[in-house]
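Chains A and B are the protein sequences, given in the same order.
At position 30 of the first sequence the residue is numbered 30 (our numbering), and the sequence of numbers has no breaks.
At position 47 of the second sequence the residue is numbered 47 (our numbering), and the sequence of numbers has no breaks.
For the record, the hints were derived by calculation from the structure and aren't laboratory data.
Some hints could be false.
With the Cβ distance kept under 8 Å, some of the chain A side facing chain B (calculated, not the full set) [stated by the list, open to error]:
hint: 1; residue: T5
hint: 2; residue: N14
hint: 3; residue: P25
hint: 4; residue: P29
hint: 5; residue: I55
Quick list of the computed label-pair ranges, beta carbon to beta carbon [stated by the list, open to error]:
hint: 6; chain 1: A; residue 1: I22; chain 2: B; residue 2: K195; range: 21 to 31 Å
hint: 7; chain 1: A; residue 1: D57; chain 2: B; residue 2: G337; range: 21 to 31 Å
hint: 8; chain 1: B; residue 1: G198; chain 2: A; residue 2: I22; range: 29 to 39 Å
hint: 9; chain 1: B; residue 1: Y171; chain 2: A; residue 2: D57; range: 22 to 32 Å
hint: 10; chain 1: B; residue 1: T223; chain 2: A; residue 2: F61; range: 43 to 53 Å
hint: 11; chain 1: A; residue 1: F61; chain 2: B; residue 2: L108; range: 50 to 60 Å
hint: 12; chain 1: A; residue 1: I22; chain 2: B; residue 2: F179; range: 30 to 40 Å
Quick caveat: nothing in here was measured; it's all calculated off a predicted structure.
Built from N, CA and C at the ideal position, the CB exists for glycine as well.
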Amino acid sequence: MCTVTPISLTVGANRIVPTIAIPHPLGNPALDHDEEKKLRRRLVEKALKALQTPIDDQTIFE
Amino acid sequence: MYKIVHYINQFYAGIGGEDHADVPPAKMAEIPAVSKAFNAAFKGEAEIVATIYCGDSYFAENTDKALNEICEMIKAENPDMVIAGPAFNAGRYGFAAGNVAAAVKAQLGIPTLTGMYEENPGTDYKSKTIIVPTKNSAAGMRDAVAKMAPLALKLAKGEELGPYYVEGYMYTGIRKNLFEEERGAKRAVDMMLKKLAGEPFITEFPMPNFDRVAPNPPVADITKAKIALCTSGGIVPKGNPDHIESSSASHYGKYDIEGVQYLTSETYQTAHGGYDPVYANEDPNRVLPVDVMRDLEREGKIGSLHRYFYATVGNGTAVANAKKFAAEYAQELKADGVDAVILTST
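Next comes chain B alone, as it looks inside the complex:
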């Protein structure tokens, strides 16, 4: 029989509601109704051997301390897996359940599972544990237990879970290699036919969520503006001194172009591996227009060209990385008094 530890909040532990949300973590003397519901669903294959609770406010206000204590209690039970929640749409409970599930998995190497409503802020942990979508209130308990119990059993047995759309947990964003029976071309055409027919289909590569920002006000006087050049086209000094990867770039480069009037094939090149590099290597101004910017600077059409340009390779580069690069060098550009940026992409 597989051993499972259950994490819940003070409410499901029967301690009380909001007025008792400040209770520290503790192990229950006897497992509560919610744990018993899971045990019934396991049909003798697994058993919740201990239930640990913590007040939601206590957890939110003392997260690190509470996590340590909870992890220690769970470790002492030596379980095969851990269930947290379900938390439905309770925000602090979801935060605690997601946190406990993520920490137990990361620190103790024990598989974990939680459940909550899709809008619960605790769903931020969906890449760090397995989260089953539930209804938004405790009225959905029976449904949540029915969905969570089979997955909990699989995890307790050390079985690999199938993809999220088969098993019914939330999309984790983690890709795994697997062998498909049909070749890619056939799968793509099948998907297209379904799409054309208005039938549901599941993409094999969901697009990331891109954010939107309000447009900045225009530059008041371009003839006084300091303008910087940035590129995702991989323009770097010859030899690619920072070793920016030709795809899936993990970093960017910052290059001094003081006194550089134009880029040449002897001094610059592209590091990009996703387009034919012949034209950019022949004349890197085709990607990063330093020559024209210098002319405009000389003619007083712009204030000045910023002394540094920033470059990375936008070829399969993770959106999260690209965002991190720009967040970092945008601060430098601001500190350097740059008024506007021209970003070229290939």
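In isolation and in its complexed conformation, chain A is listed as follows:
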């Protein structure tokens, strides 16, 4: 899970989930606590989905 996905591709990660921002990849301080946690959950669920998806090559799960 990474914000600068071109770096993930360069270093060879296979399942890549784009995140929010470098200093808070899985959060957004502009949101209130509950909204922020919902956002984080959506991102983690996306990562779980990526883990369950067959891939042949490096893939960004938008």
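Here the structure of chain A is known, so what remains is to put chain B in place on it, guided by the hints.
Then chain B, alone, in the frame of chain A:
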């Protein structure tokens, strides 16, 4: 006159080919043609005073023993520098020449130089000695001697070599501090203009070679899977007990989160020095989502969250170090029965 010792294989020593590749190291009674070619190129400034040979198979099969004997023979000559090869594309010769050059430099503190084709496995030693790229066969001998001799002379005189792209040796991966005449901004813009114009330019910071691995098959049943969290975002227990460096991390931490429902600013922080730490310190779940993983665990959406998370700081951290960390803890994760890993990075 500077004194040079030359290391070669049994073939260039005139002993024979493959059928004589098992001869042990020895000093030649008289220097062979290849050493004489170097002497001619030195134009009286330096001289090969001794040539030591070893069979390529003997060296490959008895590396430590052969190295010791060769180092002893070289030490006895007390040379100003040592040349090994050139080995062109001969794999075992390249291995021996690279090994001898690296060992003499490391153990005897004598400057060394070798030459070989860029695909020779002996080029693995390019960070431990100076390797001049040559053609892939002995037909390139004249060219190799012409390139190697001036560098050998500089090394014999104890002179510092310029950068690889000026002197023509292989990239060593070793960076040195130096003063540039132009400031960084100007050099960067000059490089960009050349790049845009399709002209050749030399980067001041070559990217490391990253490897590629085939993707793993998907997790069959995520509701049964044990999932671990790892991060290069520097999340550590408050106070950074393992003193993970804020940049160029030399190690990683392994932290027990049994019973931890979520991370708080009182209990965790980031050790990372490469991004604004305010948001991660305020709520470390923003980098390592322990809170959400616990919810998913409780709801049966995942099997379990692994008891330990692994963390380091990915800020100017050497690729070789990062690789070493992961190679080590991947074994632990496997031994602990972890099915999948979510790695977060900042």
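The hints, checked one at a time:
Hint on T5 of chain A is violated. Least Cβ distance to chain B is approximately 10 Å, over the 8 Å limit. Against a cut-off of 8 Å between C-beta atoms, the interface hint on N14 of chain A holds, since the closest Cβ of chain B lies about 4 Å away. With a cut of 8 Å, the hint placing P25 of chain A at the interface with chain B holds, because the nearest CB-to-CB distance is about 6 Å. Annotation: P29 of chain A was flagged as interfacial toward chain B, and the flag holds, the nearest CB pair being 5 Å apart, inside 8 Å.
Among the interface hints, the one on I55 of chain A holds; its C-beta lies about 5 Å from the nearest C-beta in chain B, closer than the 8 Å criterion. Under the hint 21 to 31 Å, the C-beta atoms of I22 of chain A and K195 of chain B, about 26 Å apart, fit the expected range. Between D57 of chain A and G337 of chain B the Cβ separation comes to about 28 Å, which falls inside the hinted range of 21 to 31 Å. Against the hinted window of 29 to 39 Å, the Cβ-Cβ separation of G198 of chain B and I22 of chain A comes to about 32 Å, which satisfies the hint.
For the pair Y171 of chain B and D57 of chain A, the supplied restraint of 22 to 32 Å holds, since their beta-carbon distance comes to about 29 Å. Checking the proposed 43 to 53 Å range against T223 of chain B and F61 of chain A shows it is violated: the Cβ atoms sit about 19 Å from each other. A hinted range of 50 to 60 Å holds for the C-beta pair F61 of chain A and L108 of chain B, which are about 55 Å apart. The hinted range of 30 to 40 Å is satisfied by I22 of chain A and F179 of chain B, whose Cβ atoms lie roughly 33 Å apart.
The structure does not agree with the numbered hints 1, 10 stated previously, though it agrees with the rest.
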